[in-house]
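Going down the list, the sequences are from chains L and D.
Under the numbering used here, read the first sequence as residues 13 to 375, first letter to last.
Under the numbering used here, read the second sequence as residues 11 to 122, first letter to last.
Read the hints as simulated data drawn from the structure, not as lab findings.
Keep in mind that this is a model prediction, so the values were computed, not measured.
Treat the hints with care, since some could be wrong.
[As the list claims (entries may be wrong)] If you anchor each label on the Cβ, the simulated ranges turn out as follows:
id, chain 1, residue 1, chain 2, residue 2, range
1, D, Thr-103, L, Leu-199, 32 to 38 Å
2, L, Val-200, D, Thr-110, 55 to 61 Å
3, L, Gly-185, D, Ser-78, 53 to 59 Å
4, L, Val-200, D, Gly-47, 45 to 51 Å
5, L, Arg-113, D, Gln-15, 40 to 46 Å
6, D, Ser-66, L, Arg-110, 34 to 40 Å
7, D, Gln-15, L, Gly-185, 36 to 42 Å
8, L, Thr-111, D, Lys-114, 30 to 36 Å
9, L, Ala-22, D, Asp-30, 55 to 61 Å
10, D, Leu-112, L, Arg-113, 37 to 43 Å
11, L, Arg-110, D, Asp-30, 37 to 43 Å
12, D, Ser-66, L, Ala-37, 20 to 26 Å
13, L, Val-200, D, Val-104, 39 to 45 Å
[Stated by the list, open to error] Result set (SDA-like, lysine to any residue): computed pairs, CA atoms no more than 25 Å apart in a straight line:
id, chain 1, residue 1, chain 2, residue 2
14, D, Lys-18, D, Ser-76
15, D, Lys-18, D, Asp-38
16, D, Lys-18, L, Lys-260
17, L, Lys-260, L, Val-210
18, D, Lys-18, L, Arg-33
19, D, Lys-18, L, Ala-79
20, D, Lys-18, L, Glu-84
21, L, Lys-307, L, Asn-282
[Stated by the list, open to error] Partner residues are not named here, just some residues of chain L that face chain D (Cβ under 10 Å, in silico):
id, residue
22, Asp-54
23, Glu-84
24, Asn-282
25, Gly-285
C-beta: ideal position from N, C-alpha, C; glycine also.
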Amino acid sequence: MSTTDTPTVAPEVQEFLDAVRAQLADLDVDEQRDITEGLEADLTDLVAERGRGALGDPVAYARELRAAAGLEPEMAGPTGRRGWWHRVDRALDACRARTDRVVQALPGDAAPLLHWLRPVWWIVRAWAALELVDLLFGRGRYAGDLTVVPHLRGFGWALLLLAVVASVQLGRGAFWPGGSRGPGARLVLVLLNAFALVMIPLVLVQVVARDGGAPDDRYGRGWNDGYRAGADEVRASVDKAGLYADGKWVSQIYPYDAQGRPLVGVQLFNQVGQPINVVTQPEYVDDIAHPNEGKPLVYYPWTNGATQVLNVFPIPSRVQEGEQPSATAFAESTPPVVAPFPLAAVPSVSLPGIRTGVQRPDR
Amino acid sequence: MDTTQLLKGVLDLAVLAVVDGEDGYGYDIVRRLRDGGLSDVGDASVYGTLRRLYSSGALTSYVVPSESGPHRKYYGITPTGRTQLKQQRDDWTVFANTVTGLLKGTREGVTA
Numbered sequence: 013m014s015t016t017d018t019p020t021v022a023p024e025v026q027e028f029l030d031a032v033r034a035q036l037a038d039l040d041v042d043e044q045r046d047i048t049e050g051l052e053a054d055l056t057d058l059v060a061e062r063g064r065g066a067l068g069d070p071v072a073y074a075r076e077l078r079a080a081a082g083l084e085p086e087m088a089g090p091t092g093r094r095g096w097w098h099r100v101d102r103a104l105d106a107c108r109a110r111t112d113r114v115v116q117a118l119p120g121d122a123a124p125l126l127h128w129l130r131p132v133w134w135i136v137r138a139w140a141a142l143e144l145v146d147l148l149f150g151r152g153r154y155a156g157d158l159t160v161v162p163h164l165r166g167f168g169w170a171l172l173l174l175a176v177v178a179s180v181q182l183g184r185g186a187f188w189p190g191g192s193r194g195p196g197a198r199l200v201l202v203l204l205n206a207f208a209l210v211m212i213p214l215v216l217v218q219v220v221a222r223d224g225g226a227p228d229d230r231y232g233r234g235w236n237d238g239y240r241a242g243a244d245e246v247r248a249s250v251d252k253a254g255l256y257a258d259g260k261w262v263s264q265i266y267p268y269d270a271q272g273r274p275l276v277g278v279q280l281f282n283q284v285g286q287p288i289n290v291v292t293q294p295e296y297v298d299d300i301a302h303p304n305e306g307k308p309l310v311y312y313p314w315t316n317g318a319t320q321v322l323n324v325f326p327i328p329s330r331v332q333e334g335e336q337p338s339a340t341a342f343a344e345s346t347p348p349v350v351a352p353f354p355l356a357a358v359p360s361v362s363l364p365g366i367r368t369g370v371q372r373p374d375r
Numbered sequence: 011m012d013t014t015q016l017l018k019g020v021l022d023l024a025v026l027a028v029v030d031g032e033d034g035y036g037y038d039i040v041r042r043l044r045d046g047g048l049s050d051v052g053d054a055s056v057y058g059t060l061r062r063l064y065s066s067g068a069l070t071s072y073v074v075p076s077e078s079g080p081h082r083k084y085y086g087i088t089p090t091g092r093t094q095l096k097q098q099r100d101d102w103t104v105f106a107n108t109v110t111g112l113l114k115g116t117r118e119g120v121t122a
């Protein structure tokens, strides 16, 4: 009868016992069972009475157990078979035992407090990992600043939740397949934890600098905001919609003919016959000549009777309450109009041999 | 003097003695030994000794299921164990008396 599957054994006891069993691997199954049966209960009592620091080094423990049981103190067979990993395991065990002793020796209730704080660390390291991802591949890469919840294309919260769950499961030891940790996995985990420990101050500095760590530093914040806006623009340039001239947003076009006279209702197409569509949005232009009193200027594109045609200029507009275009705008008391041209007339243009103001004949 | 070395020689005897009165499980036996004054006794040494005495037939063992925690493995003494205990107790008494007498003689020799 084996008691190894009893679910009520604390993880540290189970871990210690696994390490002890690893030192008994040369014994046959019955011998192993004889020697370890009941140890769960004994070790659980030990930990309950004297804390987990009393567990000590499992390798030394196994040696003592073997010696007292009348077996060879050292495990038989070539320990060099998995020699290097075995040494890593032992080194980690020794490290663990030493740390436990140091923690146990701390004054007051430090040991249970630290133990109790472990889940906090699991959450913090998950957060730090995501911030790091954000810093390397997300928003932080362009703007050099991080938010308390990583941005990550808007998936920040969801990814944070996922990372926390993964980290906690890892911390509880519930994440490894089969529930046992080989020396390789242990080593990786130790290194990752150490890495997180180093990265947290770096991430914190970034986040605090951004999120109100120095609220009076208006220059610095302005600089950051400007930098970020610029960075956003650079990224947006990849998939810009609408019209731009010299990299600047164009919301309206005022055409003039060759004689320099204003034209209304001009349809524009590009080199392959695609309409040059403008993308408009409500504007708040509140200058002395056009006192809009904080109301938006809303554009009403031309239509072909069925749908809007966005490549016809100039686009009529009106100042109105609210940003939503009204379906009945043209029947209302102040319908959209073609706003006055910025220039009443412009100088005429010509080229020798080219006639202006005529329809181009079909080829 | 390192008492752990002395302890090794008499651990069988000590374990048999504390199990003789009442059956016990591993940690319980460690506790009895510590309460009895063997404060330096190592858990693993006691458990190993229990296994060895069980293998040699001096102890019997049975598992008691527990609802709240892992099962406990209890040890009780066998007739073989009692014989061994008596034998070793006598040996110990003779041995201890001999050493005590030896030490007395030495001290008297030095002080005289």
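Quiz item: Does the hinted range 45 to 51 Å hold for Val-200/L and Gly-47/D at CB?
Solution: 47 Å, holds
Quiz item: For the pair Leu-112/D and Arg-113/L, does the Cβ-Cβ distance stay inside 37 to 43 Å?
Solution: Given a distance of about 40 Å, which is inside 37 to 43 Å, the answer is holds.
Self-check item: Hint check, Glu-84/L versus chain D [nearest Cβ-Cβ separation less than 10 Å]
Solution: Not OK, violated: Glu-84/L not within 10 Å of chain D, min 12 Å.
Quiz item: Keeping to a limit of 25 Å between CA atoms, is the pair of Lys-307/L and Asn-282/L held or broken?
Solution: 34 Å, violated
Quiz item: Was the hint right that Asp-54/L lines chain D, CB cutoff 10 Å?
Solution: 4 Å, holds
Quiz item: In this structure, is the beta-carbon distance linking Gln-15/D and Gly-185/L contained in 36 to 42 Å?
Solution: 39 Å, holds
Self-check item: Restraint satisfaction for Asn-282/L [CB to CB of chain D, less than 10 Å]
Solution: Status violated, d = 79 Å.
Self-check item: Beta-carbon spacing of Arg-113/L to Gln-15/D - inside the hinted bounds 40 to 46 Å or not
Solution: Since the Cβ atoms of Arg-113/L and Gln-15/D sit about 24 Å apart, the hinted range of 40 to 46 Å is violated.
Exercise. Measure nothing beyond the straight line between the CA atoms of Lys-260/L and Val-210/L; if it is 25 Å or shorter, mark the hint as holding.
Key: 43 Å, violated
Quiz prompt | Status of the given 55 to 61 Å range, CB of Thr-110/D versus CB of Val-200/L | solution = Given range 55 to 61 Å: holds, Cβ gap about 59 Å.
Quiz item: Do the alpha carbons of Lys-18/D and Asp-38/D lie within 25 Å of each other, as the hint requires?
Solution: 19 Å, holds
Practice problem: Look at the Cβ atoms of Val-200/L and Val-104/D and judge whether their distance stays inside 39 to 45 Å. | Solution: 60 Å, violated
Violated hints, listed in ascending order, are 1, 3, 5, 8, 9, 13, 14, 16, 17, 21, 23, 24 and 25; each of the other numbered hints is respected by the structure.
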